[in-house]
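Residue numbers (my numbering), protein chains in the order written: chain D, 958 to 1244; chain P, 135 to 297.
Note that these hints are calculated values from the structure, not bench results. One or more of the hints may lead you astray.
Label-pair ranges, simulated between beta-carbon atoms [unchecked claim]:
1) Asn187/P / Ala1004/D: 22 to 32 Å
2) Ala1004/D / Cys174/P: 39 to 49 Å
3) Phe1114/D / His289/P: 50 to 60 Å
4) Asp175/P / Asp1022/D: 39 to 49 Å
5) Gly1240/D / Asn251/P: 48 to 58 Å
6) Arg137/P / Val979/D: 20 to 30 Å
7) Gly144/P / Ala976/D: 53 to 63 Å
8) His274/P / Asn1242/D: 22 to 32 Å
Note that the Cβ used here is the ideal one computed from N, Cα and C, for glycine as well.
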Amino acid sequence: MNPAPFEYLAPTTVDEAVAALVEHGDEAKILAGGQSLLPVLRMRLNAPEWVIDLGRIETLRGVRDAGDHLVIGAMTTHDQVLHDPLVHEHALLVTKAVTQLADAQVRHRGTFGGALAHADPGGDLGAPTLALDATFVITGPSGTRSVPAAEFFVDLFETAIGEDEILTEVQVPKYDGWGAHYEKFVRVSHQWPIIAVAATVRLDGDTIAEARVGLTNMGSTPVRATAVEEALAGQPATPDAVQQAAAHAADGTSPPTDLNGDAEYRRHLATVLTRRAVLAAAGRNGT
Amino acid sequence: MTRISLTVDGHQVADDVEPRMLLVQYLRERLGKTGTVVGCDTSNCGACTVHLNGSSVKSCNVLAVQADGGEVTTIEGLAKDGELHPVQEAFRECHGLQCGYCTPGMIMQAVDLLKENPHPSEEAIRAGLEGNLCRCTGYHNIVRAVQHAAEQTSHQHPEGVGA
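All chains should be modelled from the sequences, with the hints used to inform the complete structure.
What follows is the structure in structure tokens.
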């Protein structure tokens, strides 16, 4: 099916894009890479009057080193993030998640910022950016503001981005020397995860000094598994110790029930995948 | 209507299009390039895969206006001077198809995959083709065809088979 007719704007600066949003407000949708928006438009789940394409704004693309953190431009494609040496060195968890995100064609077009702004609870970038305490930089008519990941994800497909605002970049603190793993459970390789676990750990010898764990699709937003993080700190990186900590993975979560599994199944899966993810992040072979 | 101009299979084209027109519709309905097919309505199947500015994309998931100024290669632009592309030849040689509907997308994605990784393992081939569905489930020969193409070209062109 075709999208319903719309007017199209392709601004070349962020200011122009914000001005267009101010003018058209809730009649407008932002087009980033289009890998989620175009299916939505084609299935007529949404029919905006205006589509504002950010694809011609060059300043929104690329990854740069900003001292204690990396800056990932919102329009950087998944494929660029996947192959970026800075991301691999300083935020390995992001590389690990993007490796498993969708398929090659979608990674060529889809963007880091677009996927996060879309805020599908099954999206693969929410849990890692939450676990890494990323900061979301949002620009609107009254200027630029920074929102911590913990406040960015509001609800199903809903973020802190206002109607006349644009997500311009994501700042990811450096986690140099941390091991990382993204454990994703799917029936078909390029589909949305039933659930997934993003884990990154800093080892001190054989001890887990610190851990960060985020969960995908265990609620209407990405979830931080703080109980697991606290239980892991100071523990040996052994299967038994990690399993005990991972038993807390579903604490306080409200996972959905759907055709792929009910909530109880997802809660069980969370403990299993968290054990695998943490052990793999610690460089231990865990299954 | 929005004016677009782009290069498709080596030819410069320019047209006025509705912004909602998909790239695959533009290729098929305006340019008559029906070698690129539409297999699904959900951007899952990859049958419509073409190359945009050197990278594989699902052309049902790109607006024609987004391709403005770009360079598109379709399955119809792979053969050069009457000679099939080595990946096309390998699909024929290994019978990498059953009904053939997914073949244009499979070949375009395989060319992209071999450009990134000229000597892929079987696992890498299967992962690289994860966005392309064969509803006949004829994956084994498709994977063999990609392996064959990689072997053939490493003899003839050590730098790989990227288009």
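Right, here's what the structure says about each hint:
no. : hint                             : verdict
1   : Asn187/P / Ala1004/D: 22 to 32 Å : holds, 29 Å
2   : Ala1004/D / Cys174/P: 39 to 49 Å : violated, 21 Å
3   : Phe1114/D / His289/P: 50 to 60 Å : holds, 51 Å
4   : Asp175/P / Asp1022/D: 39 to 49 Å : holds, 42 Å
5   : Gly1240/D / Asn251/P: 48 to 58 Å : violated, 25 Å
6   : Arg137/P / Val979/D: 20 to 30 Å  : holds, 26 Å
7   : Gly144/P / Ala976/D: 53 to 63 Å  : violated, 39 Å
8   : His274/P / Asn1242/D: 22 to 32 Å : holds, 30 Å
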